[in-house]
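Undergrad: Read off the chains here:
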Amino acid sequence: MIPDEPPPSSLVTRARNRDERAWDMLVERCAPIVWSICRRHGLSRQDTDDVGQSVWLRLAERIDTLREPSAPPGWLAATTHNECREVLRVARQRSASGYSSSPRAAPDGQLVPAEHPLVIAERDAALREAFATLSPRCQRLLAMLAADPPVPSTEISTTLGIAVGDIEPGRRGCLDALRHCPALAELISGETRTP
Amino acid sequence: MAQQWWQDDDQLLGALAEALGSERNVPAEFIAMGKAAFAWHGIDAELATLSYDSVLDGAELELAGVRSEPASLRYLTFTSRELTLEIEVTDDAILGQLVPPGPGRMEVRTADGTVVTAVIDQGGGFTIRPVPRGSFRLYCHAASRTSVLTNWLMLQDPPGD
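If you're matching them up, the sequences are chains A and B in order.
Start counting the first sequence at 113; every next residue gets the next number (my numbering).
Start counting the second sequence at 129; every next residue gets the next number (my numbering).
Next up, chain B with everything else stripped away, as it sits in the complex (with noise of 0.2 Å):
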């Protein structure tokens, strides 16, 4: 059997020496993202899944929410079990519909951790502003349902981009 990587010395130190290298050049904002990715935990929500973007046709519904596409107005569908959620989204403000109406919180909830909340009224109305940048997902706690969480989407690119 040929020498393993382990047994020789200077084998050894080469993976010792790659190994350590690989730590050092993980950027600090990799590690940040990680790091806010905290904010996910214990989140306990069904999932709403895109079901209609009028950006894409159906042929292409699998590769929605991989990138923003600029578009002044643009309507979202998301539905889960118990819910649909509507969005509209206009040049400064995502507008809201749940299905069937009822009151409740709406929480944008961004990959690096920010939580921005907004109220649904008694219409099951709310809106967004301004249009959040990044990925984001939409997490509804709407009274007396189970909570609902949205597919990441991405309507603006991020900020810095």
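Chain A on its own, in the form it takes in the complex (with noise of 0.2 Å):
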């Protein structure tokens, strides 16, 4: 993700105008809302991709008349949701009533996810957007930090030109950087009025 990217609204004003461009970077930024989702739905991989197929043909469909210009991730991840939903329904009628031409259920203990989908989504997309808006510098060293499997601290402090004790600082004031960035702010102050 390039730090000075331009807004969904954007995007969308420029898609409706038939710039195709603008539409790739929507779906290159939307796109982990969508795949998200339906990963914690416990869809298949096929399921996956007719869900991810349907969405996206929807959102071609539609943008020309979406109230709110800056509305995708949102849109996004409550029609992927219900589109998960009713592949899942499909699904269970199918293998009630015996016609299972294609076995496509998740494993029951699949569906049932820990926290909700669409919350973790919009998370997910909340952090990716305020990271994309912290400092160069940050950005390197909470991706260094937030590596499976961690970085150590020499390659960190090689790898930025800051001394092994400087990281821990780093960390805390980017971390806070990241806190405050519109993106994660808008979303901590809804989850704390309604909580």
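Check before you lean on any hint, since a few could be wrong.
The calculated label-pair distances, taken between Cβ atoms and stated as ranges, are [to be verified]:
| hint | chain 1 | residue 1 | chain 2 | residue 2 | range |
| --- | --- | --- | --- | --- | --- |
| 1 | B | V243 | A | R252 | 38 to 48 Å |
| 2 | B | V183 | A | R204 | 18 to 28 Å |
| 3 | B | N279 | A | R179 | 25 to 35 Å |
| 4 | A | E132 | B | V244 | 33 to 43 Å |
| 5 | B | V183 | A | R252 | 52 to 62 Å |
Hints listed in this document are in silico derivations from the structure and should not be mistaken for laboratory results.
C-beta atoms are modelled at their ideal positions from N, C-alpha and C, and glycine is treated no differently.
Fit the two chains together into the complex; they arrive one by one in their own frames, and the hints show the way.
TA: Spelled out as structure tokens, the structure:
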């Protein structure tokens, strides 16, 4: 993700005017939302593709009439969530009726996520958006600290040219900056209001 | 109140790691599919819904179009307010008929954004050869009528399955 990317609303306006590049950027930006909601519903890869296809097509068909140009992330999350539920409902119905030309239902154990997939997807989206607005220095530091497997402190120190002892304060400062990015601050204030 | 995920540095970093990870894990094909959907932007048509499918009994009609069934000959009917589209699927082609008859242009629009066009003759007949692979919709432009778009259908599994 690059730091100075245009906001979703301007991408929507450009896509409405047949700017395909803007649409592509919108898809790149929002694909993790659609993808992660499908995965959290425990959908198979095939079902995830089907849901993704249907969601993108609906956005393409409706992008001209979305009332709020800044709405795509929320609209996509809600639409994906509904499509996932529909896929699972049809799969359950089929297995109940013995109609199983393609058994695609996910194992039952995966159907109940610990947290609402919509909530997680929105949180992820807000975190990514906030992260994108951080200084390049903070982005590099946090990316290394968040890496799996962990990056050793000595390597972080060498790569960023800072002392090992400065990593911890840097981490604190950058996480604090992250918390105060508008995208995340908005989400946090929302969660505080409705616990 | 218990500590929230954003208040604790470790939890916040964990959430960030997960958010960045979920972005990295999205397969390129999944993103490409979303980009291809732009071909559907600006489509304005009346929907023609599946009203008959020789493969399915009435009771199972609501499940139609979900997955293909191998059948050498299959008849399908799509109905909109003004137009009925009758198609016959053979091994190598789709033979179609508009009711009421009239000339026009038929587009086969697949999910990946490709569009193939067939001519609808004066008698309302058209032929699509070969049978499209994967999901597609028929987008019918009959002269002097509202354009009509069918539901998605899949007659042959997509390439690579």
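Undergrad: Please test the hint of 18 to 28 Å on the beta carbon pair from V183 of chain B and R204 of chain A.
TA: 22 Å, holds
Undergrad: If I claimed the Cβ atoms of V183 of chain B and R252 of chain A lie 52 to 62 Å apart, would that claim hold in this structure?
TA: Check passed, 57 Å falls within 52 to 62 Å.
Undergrad: Between V243 of chain B and R252 of chain A, does the beta-carbon spacing fit 38 to 48 Å?
TA: 44 Å, holds
Undergrad: Just tell me: holds or violated, for the beta carbon distance of N279 of chain B and R179 of chain A against 25 to 35 Å?
TA: Given a distance of about 26 Å, which is inside 25 to 35 Å, the answer is holds.
Undergrad: Does the beta carbon distance between E132 of chain A and V244 of chain B stay inside 33 to 43 Å, or does it fall outside?
TA: With a Cβ separation near 20 Å, E132 of chain A and V244 of chain B fall outside 33 to 43 Å, so the hint is violated.
When held up to the earlier numbered hints, the structure conflicts with hint 4 and nothing else.
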